[in-house]
Every structure is written in structure tokens, then in C-alpha cells.
Amino acid sequence: MSRQSRRRSEKQQIDWHLPSTSSTGSAYHMGTELFILTYGTLVAQLCEDCEKDEDINKVLDKMGHNIGTRLVEDFLARSNIAQCRNSYETAEVIAKVAFKMYLGVTPRVTFWNQAGDDCSLFLEKNPLRGYVEIPEKHSNLLYSNMICGILRGALKMVRLQVDIQLLHDSVNDDKVTEIRMKLMRRHKAVRTVEKEQKHPVGT
Amino acid sequence: MNKQEMADEALFQLLHIEIVSYVYKSAEQGEESGRCVTKLENMGFRVGQGLIERFTKDTARFKDELDVMKFICKDFWTSVFKKQIDNLRTNHQGIYVLQDNKFRLLTQMSAGKQYLEHAPKYLAFTCGLVRGALSNLGIKSIVTVEVTTMPACKFQVMIQKV
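Protein chains in written order, with our numbering: chain A, 905 to 1107; chain B, 667 to 828.
Please note that a few of the clues may not be correct.
Examples of chain B residues lying across from chain A (beta carbon under 10 Å, computed) [claimed, not checked]:
{"id": "1", "residue": "E684"}
{"id": "2", "residue": "G714"}
{"id": "3", "residue": "G716"}
{"id": "4", "residue": "K748"}
{"id": "5", "residue": "K779"}
{"id": "6", "residue": "Y781"}
{"id": "7", "residue": "K820"}
Below, simulated SDA-like cross-link-like pairs (lysine to any residue); rule was C-alpha separation at most 20 Å, straight line [said to hold, decoys possible]:
{"id": "8", "chain 1": "B", "residue 1": "K691", "chain 2": "A", "residue 2": "C951"}
{"id": "9", "chain 1": "B", "residue 1": "K691", "chain 2": "A", "residue 2": "A981"}
{"id": "10", "chain 1": "A", "residue 1": "K966", "chain 2": "B", "residue 2": "K691"}
Calculated directly from the structure, the hints in this document are not laboratory data.
Just so it is clear, CB atoms sit at the ideal spot from N, CA and C, and this is done for glycine as well.
Next comes chain A alone, as it looks inside the complex:
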């Protein structure tokens, strides 16, 4: 079943390969650069405003969450991906389509656990870290934490609760950024009509 799904998502991914020598190739990189530089300025501003790295991480996560809830609509509109049938497909779509579309990189999905709901995304070259040097005093700063927030917010809107953590950021001499993603459960669609009907029965 997993082989079938890989084939299906591969067919959809053919559209996203951007030839490196295309005339629009350089324009594309500029678009990401604007985002990367803005992100860097934001983190610099946060470092000034907040004293502790943990606070900065929290703010980045919250902002990422807000962005993710909106970004998922943009993603679904552009990509026309059908519903993913299991967590393998979800992870593949995130890595091969979403990351490629917005950041231009494709992380590796590995380290699945036995139950098949816990995996790691490895980013060999984190694009956000392009022009950044983090001083010693911010050693606890998770620079790319917004990515985790974006993933969390986006998946929340498709009713998947996830626990996402940034394990290694390619900051402290780690060359690789690792994001650990644990798909926890599906939310059931909340039906407000049923809730209203319950109240008169209670009283």
C-alpha cells in the first residue's frame, strides 16, 4: 500500500521540479531571500525584546502557528493534493510538496517508529540559516522554530494534532536541522448542532 501511495504522490510532484537553469530560477531564489531576510530581522528584534531564549522560542512557535493556519489554505489551493490516507503519506506530502513549494528544499523523512506515527524530517541545508550567525549568549535559541509552529498550525486546520519539536538546528555546529514530528490523533469534527440539542435535555 505504501508503494502505491509513493507512486501517486510522485506523479503529483513532477509539476514541482524547477529546473535550475530556468530564467525564472533566479527570480524564485530572490522570493525566498526576502522571506529569509525578514525572518532574520524578526528574530533579531525578538532577541532585543525578550530576555530568555525560551520566550523567543515560544513567540516564534505562536507566530508560526498563526501563519500555518492560513498557509495551509494557500497550500491546498495550489497543490490539489488529495486526502492523505495515512501518516506516511502525510509526512511525504509535507516533505516533498509543501517544503519544496515554500522553501525550495526537500527534507528527508526517516526514523519512523514502530507504530508508524513518529518521524524525523532532516534538512541538510536549512534555507533560513543562510545569512545567520548566532552569538554564544543565545545558545538555547531554536532559530527555525517557526517552521514547527507553521506545521503545527497547518496540520491543526486539517484536524491532525501533532507534537512537533525542533531537535537540532544547524546552529551549534550541527550541519543538519532535525524536526521530530509525532502525529497524535485526528480531531473529530465538532458539531455545534448536537451540543445545542444537549442543553435542553440537561435542564
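On the provided structure of chain A, position chain B as indicated by the hints.
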């Protein structure tokens, strides 16, 4: 147009909105809105400096000020907002007015007078962007913006003679 280019735009726009909302939220203890606008403008300044370095790496030297402004209106604006400035006017004495009839960061907000009072918040970053770009091209300036009907806006650049 390449889907990937357009996708980057969405990401930057959402990030920009979050930044504005963060700056204003973290300043609600009695700070004036002027401080927030300055903060946003300074952030844009830094980004503009970085961006212009990347863009002009391989371009030829600019002949004069007008050439620089034309570059900003055409190439810089296209790379950042995927369209050109619609109208450039100058009095040839250091004041330039850049008119964008459909400013990308405002199109999703309103198409008229609604939310006009909130427009400056979302334009401060871009003013800084232009100021930063000019600064790294060796031109000191003051950039302000005027909005009467969204999403059209006019950026006014005042070159400061050193």
C-alpha cells in the same frame, strides 16, 4: 507564471502580517503607535540593505540618481512584489513619488476606504525596505507613504543631500 514564485509571496505576506501584529501587541502598554511604526521601518531598512546587495551583485554601476530610482521602480519592485511601480514622478530636485496602484501587501485588505486607518502599519516595513535599498546604493533618503484609496499608494522619497 511559476507557481513557486507566487507561493513565496504568500509566505512573505503572512509573515509580514504576523510581524506587524507582534510589534503592535508587544507595545500595548501605553506606547504610541509612532514607536511601532519606527520599529517596523527599521526592520524593513535592514532587510532592504541585505536585499539590494543580493540584487545588484552583477548589475552595472548606476549613472545617476534617476537611474537608481528607475532600478528601484522596475527591477527591485518586480523582484520583491512581482510587479513594477506604475508611475514615477520627480521634480528633479531630489523628490520622487512612486505610485503603485495595486500594492501587493494591501490588495487582500480592502479595495476602497475600509481599514484606511490601519494601512500605515502595513506600509512601514516597505518604506524601510526602500530606504534601506537606497542607503546601500549610497543614497540617503527619507521615505514616506500616502494612501487615499486602498490598494493604491504613493511612496515619497526625499533624497538628502549630504
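Evaluation of the provided hints:
1. The beta carbon of B/E684 comes within 5 Å of a beta carbon in chain A, closer than 10 Å, and the hint placing it at the interface holds.
2. At its closest, the beta carbon of B/G714 sits 9 Å from a beta carbon of chain A; the interface hint therefore holds under the 10 Å criterion.
3. At its closest, the beta carbon of B/G716 sits 5 Å from a beta carbon of chain A; the interface hint therefore holds under the 10 Å criterion.
4. Checking B/K748 against chain A: minimum C-beta separation of about 8 Å stays under 10 Å; hint holds.
5. Using the Cβ-Cβ criterion of 10 Å, the hint placing B/K779 at the interface with chain A is not satisfied: the shortest such distance is roughly 25 Å.
6. Contact between B/Y781 and chain A, as hinted, is not supported at the beta carbon level, the nearest pair being about 18 Å apart and thus beyond 10 Å.
7. Among the interface hints, the one on B/K820 is violated; its C-beta lies about 22 Å from the nearest C-beta in chain A, farther than the 10 Å criterion.
8. Taking the CA atoms of B/K691 and A/C951, the gap is about 16 Å. The hint holds against a cut of 20 Å.
9. Taken as a hint, the B/K691 and A/A981 pair is broken in the structure, with Cα atoms around 30 Å apart against an allowance of 20 Å.
10. A C-alpha spacing of about 13 Å is found between A/K966 and B/K691, which places the hinted pair at or below 20 Å, so the restraint holds.
Taken one by one, the earlier hints fail for this structure at numbers 5, 6, 7 and 9, listed in ascending order.
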